[in-house]
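S.K.: Sequence:
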Amino acid sequence: MDHGSGGTTAKSCPMIMVFHGGHCERILWRGWVASTVVEFTFSAIAFFVLAFIYELLKFLRNYLLQREARKVAEQTAAEIRRKREINDCAGCSETPLAEIREETYWQRIFNSAHIIQSLLYLVQVIISYLLMLVFMNFNYWLCLAVVLGLAAGYFFFGCFKKDAQDSDCCP
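Last residue of the sequence shown? That's 170 in numbering that gives the first Met the number 0, and every number before it is there in order.
The hints are simulated quantities; they were obtained by calculation from the structure and are not laboratory data.
These figures come from a predicted structure and were not determined experimentally.
Backbone N, C-alpha and C fix where the C-beta goes; we use that ideal spot for every residue, glycine too.
Please note that the accuracy of each hint is not assured.
With beta-carbon atoms standing in for the labels, derived distance ranges [to be verified]:
| hint | residue 1 | residue 2 | range |
| --- | --- | --- | --- |
| 1 | A77 | L147 | 58 to 66 Å |
| 2 | E73 | I115 | 35 to 43 Å |
| 3 | A77 | Q116 | 21 to 29 Å |
| 4 | V17 | Y128 | 52 to 60 Å |
| 5 | C12 | Y104 | 48 to 56 Å |
| 6 | E78 | R29 | 31 to 39 Å |
| 7 | L64 | F155 | 16 to 24 Å |
| 8 | V122 | F18 | 41 to 49 Å |
| 9 | Q116 | L27 | 44 to 52 Å |
| 10 | P13 | A112 | 43 to 51 Å |
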């Protein structure tokens, strides 16, 4: 297709809105056109890796959340032990929980662990929407690359889930 650029031709691929298996695709944005089999293969590999990274991010967020919960539980237990020792109440089973320092809303919001979790969530959501857009190209090779990347990521990181109620439907 000639766009008046001195006789050079720009790559052009049709946008097909049904499932198909061609190798000529416009992917995600105007500048990403896979018009050869090699370009298409590298694009499919890139989406496989992106889907794998999506599963890695889900695992990483869960791991960081569990690590932070353990740290808070250990700090709370240490504070309870310290208060019992101070009050000379080693045999007491009741420690006023109201005396244990509770973080305010703003302290929890600006906690470094929460900020890291929020940034990882942002990246995860962006990747999930990019993968959805790739799937909406309706090219079954690209769809297969995304699905296989998600499956491989789950294979490597899904076994670390502690909660059977964990849902994979949402980021």
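S.K.: Does each hint fit the structure? Answer for all of them.
M.R.: Evaluated hints:
1. A77 to L147: 58 to 66 Å: 46 Å, violated
2. E73 to I115: 35 to 43 Å: 19 Å, violated
3. A77 to Q116: 21 to 29 Å: Between A77 and Q116, where Cβ atoms are some 24 Å apart, the hint holds.
4. V17 to Y128: 52 to 60 Å: 22 Å, violated
5. C12 to Y104: 48 to 56 Å: Holds - the Cβ-Cβ distance for C12 and Y104, about 51 Å, lies within 48 to 56 Å.
6. E78 to R29: 31 to 39 Å: 57 Å, violated
7. L64 to F155: 16 to 24 Å: 19 Å, holds
8. V122 to F18: 41 to 49 Å: 29 Å, violated
9. Q116 to L27: 44 to 52 Å: Between Q116 and L27, where Cβ atoms are some 27 Å apart, the hint is violated.
10. P13 to A112: 43 to 51 Å: 48 Å, holds
In the structure shown, a violation is registered for the earlier hints numbered 1, 2, 4, 6, 8, 9, in ascending order.
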